[in-house]
Amino acid sequence: MSDPLPIPLKESRLANGLRLITVVDRTAPIATVNLWYHVGSKDERPGRTGFAHLFEHLMFQGSANVSKAEHLSLIESVGGSANATTWLDRTNYFATVPAEWVELILWMEADRLGTLLAALDQANLDNQRDVVKNEKRSSYDNQPYGTAYLELLALAYPKGHPYHHPTIGSMEDLDAASLQDVRDFFATWYAPNNVVLTVVGDIDEAEIAAAVERHFGGIAANSELPEHPDLALSAPLGGEIRKTVKDKVPDPRLHLAFRAPVLASPDLPALEIACQILAGGRGSRLTRRLVRQEQVAQDAGLSVLPFVGGASLVVGSATLRPGANAAKLESLFFEELAGLAAKGPTPNEMERARALIESEEMSLRSDPESIADQIGMYATLLNDPGRINRDLAIYQAVDAAAVQRAAALFSAENRVVLWYEPIEQAVGETA
Amino acid sequence: MSGDGMSAQRPGPGSPREYRFPRSVEHLTANGLRIIVLPMPARPLASVQLLLPGGAALETASNSGLTAALARLLTEGGERHDADQLVEASELLGAKIGAEAGWESVVIGASLPASRLAGILDLVAEIALAPRVPDREVDRVKALRLAAIEQSQASPRARASEALITEIYGASAAYSRPMGGTRESVAAISRDALMERHALLLGAGVPTVVIAGELEAAEVIRTVESSPLAQLRASAPAAPTAADAPSDGGAGTAAAPRLLLLDRPGSVQSELRIGKVGRSRLDPLFYAALIHSEVLGGLFGSRLNRVLREEKGYTYGAAAGFEFRRGRGPFTARTAVESSVTAPALVEARAQIASMTPQPPSDDELNAARQYLRGTFPLRFGSASPVAGAVAGLVAVGLEPSELDRFQSAIDSVSGAEVARVAAALDAETERIVVVGDAATVAAPLRDAGFAVEVHGDARGA
Chain A
1 MSDPLPIPLK ESRLANGLRL ITVVDRTAPI ATVNLWYHVG SKDERPGRTG FAHLFEHLMF
61 QGSANVSKAE HLSLIESVGG SANATTWLDR TNYFATVPAE WVELILWMEA DRLGTLLAAL
121 DQANLDNQRD VVKNEKRSSY DNQPYGTAYL ELLALAYPKG HPYHHPTIGS MEDLDAASLQ
181 DVRDFFATWY APNNVVLTVV GDIDEAEIAA AVERHFGGIA ANSELPEHPD LALSAPLGGE
241 IRKTVKDKVP DPRLHLAFRA PVLASPDLPA LEIACQILAG GRGSRLTRRL VRQEQVAQDA
301 GLSVLPFVGG ASLVVGSATL RPGANAAKLE SLFFEELAGL AAKGPTPNEM ERARALIESE
361 EMSLRSDPES IADQIGMYAT LLNDPGRINR DLAIYQAVDA AAVQRAAALF SAENRVVLWY
421 EPIEQAVGET A
Chain B
432 MSGDGMSAQR PGPGSPREYR FPRSVEHLTA NGLRIIVLPM PARPLASVQL LLPGGAALET
492 ASNSGLTAAL ARLLTEGGER HDADQLVEAS ELLGAKIGAE AGWESVVIGA SLPASRLAGI
552 LDLVAEIALA PRVPDREVDR VKALRLAAIE QSQASPRARA SEALITEIYG ASAAYSRPMG
612 GTRESVAAIS RDALMERHAL LLGAGVPTVV IAGELEAAEV IRTVESSPLA QLRASAPAAP
672 TAADAPSDGG AGTAAAPRLL LLDRPGSVQS ELRIGKVGRS RLDPLFYAAL IHSEVLGGLF
732 GSRLNRVLRE EKGYTYGAAA GFEFRRGRGP FTARTAVESS VTAPALVEAR AQIASMTPQP
792 PSDDELNAAR QYLRGTFPLR FGSASPVAGA VAGLVAVGLE PSELDRFQSA IDSVSGAEVA
852 RVAAALDAET ERIVVVGDAA TVAAPLRDAG FAVEVHGDAR GA
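One line per chain: the protein sequences are A and B, in this order. Sequence positions in the first sequence follow the working numbering and run 1 to 431. Sequence positions in the second sequence follow the working numbering and run 432 to 893.
Chain A on its own, in the form it takes in the complex:
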């Protein structure tokens, strides 16, 4: 295809350090507002895990001029939708509204950044602590295999490393969170010089810039914004780490993690293509071999979780077919990974991967929310918002040799092997 027109990014910065990026996109009468705060679970102190995420909840509990729980209701009542997510490296808030309401969202975001502590009280904290504990129960503890990613992080990063503990935190630490802890966290990290604000849609850029100045301009920067913790890993994994979890699951499932290059690494795109070739849909190597030919698995997956420091992770999984042999599933999985590392992808696989990448790029570009999110990520984590316009060329330039090189990390010295097994089976094994 002919290369798409570049997404027209316009960047500016307020005196207090807030970074604003706007993109005019008039294909639909909507606008999306997306904020990336550079704070995540990596920035939590020991004994206070789950804080960044608990805090994300409190951001919806009102500020000086927005009452408790009004934030989302107000957005819905103008015909918009909003949410937020917390991850190891960042916290992200986003709302999409009919374009005529975009300034209301900017005002609300400024109000909670400028005045959250005016509304924060013990009752709000207690209520949202309960909500988050129920989120942990329903999304992790009470789901079959629901704790797998908590286990993988703990196994792939050493104790004490900022990525060792999960974003959801522990029940004990959530219980220990005091109002003062929460206030300190806000005062430390929620500052205009620690956020990227991206607005995409049917907007007037000058009007947005003026509104952002009007609403955010008076919020003081934090001149003592701390450094993020050191993410360096002192040593490679240095061998296979293996664990078995007995759980209330119907069938055994294999979970894997490999340490991988960080987000900024030029090797990451080739690794993503390697994962696509190995596990992206019905034509992928793992699905063909494990699910269709050998019929040892119900499913097979492999994908990159990119992080900024130390190491990213490639995580994989496959659920054993009832009656199939777990050892065989595991060895076939590794055989496919090793096969790509040994011989590289075929020309047909590369051609298919490139065609799918092109479609994905088109899909991204038809969604203002995705455009804003991608820009926010690249600006926050790579200091390079313009990367969004180079991505297609970067991915299309990956060649078979690069994919083969990327697959070299799928080695026995660099993997975490985590099996979930039904509790019942444990009894059978001892018989």
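Just some of the chain B residues that point at chain A, by a computed CB distance under 7 Å:
{"#": "1", "residue": "448"}
{"#": "2", "residue": "586"}
{"#": "3", "residue": "809"}
To be clear, the hints were calculated from the coordinates, so they are not data collected in a lab. Glycine included, each C-beta is placed from N, C-alpha and C at the ideal position.
We have chain A already, so just place chain B on it with the hints.
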């Protein structure tokens, strides 16, 4: 920090922008294939959805899951391509081709660059007209479905939802069963039955292809006309079934409503479900029912979520609403709560559902729901795939694409009295209650709260 410098004055709206759902252009081929094209400027990723009428609503208890199995097997190859060749050919076009069963139809779909439309039409037609359905893959699809049933029984969420529909609908009703089928019905699936089902799929009404994206309508129609898709023929619709017949099983009494408690020993949460027979998509009160659902259990500030999450902290979220199908789909309320508050949470959830009649939605509630549905309407249709999907969904239940043109005005004109009629009609339906949780912890408090609790064992018979 104080509010100094922050403006208490909330910005109002700027000048409103019009939204129009993409206009459709239609054409009927000589054989009766209906072509609907929705040109969308600046949307180079096109969507193709071929809708074959005659979905899982036609199934009986003994062949339940046959339609879903057939849909999975369509992508296992056709006359010219085996399964691997098919996926390779579609990926070379930048597309992932898939087929999915619904209650009213089977849809074969793909998203791909608009410039490659002709190539995908060949593949879609090939698997629609003459799928291979190889024996080996039949066995594999059956085995995977049986394993998936065990997986869903282990998931408290899925187990609760499946038990609820079995409670709501009678055993003869297709809606009483999971679309993928039951252990017994899946085990009985044969290649012959699948091929018969496929023949019915080609002879159960008007096939329709919906194509959206940066395309020129007349050119798309020419492309479809000259593709093998044009071999698809219209026929008389299949005889409808009573897919939505309600259950006549006991529901307990008003003082002691029956509650089905599915034991999950050691569960740290209880999954709560309350359900009734709901409304059809063809119901004249459809738009009023949408508003009703938003007020009760859709919006973040809905009655259920406000009380159960934001006031009580019982849950991460609570929701309720209608699922609209050609027949009367279910109305369900759903939440997951910490085990120790199971009884008070259930009492509170029922109270909120019941509140809709004595305390009809306020003007604020009605306006919030109207604005939300109006305003988020264009948000749903940024790309070609949901546009084609929405049109295919309407066609499947016998409505016209123009229904989407009037969505926003129809929402605006819903009155409080119409919402009250929805609530009153819902009150009159038999209530069904399912809880999945640790019976040792929750059964006694539920009995104390007045429920006629019927405990069923672990899914695996433990």
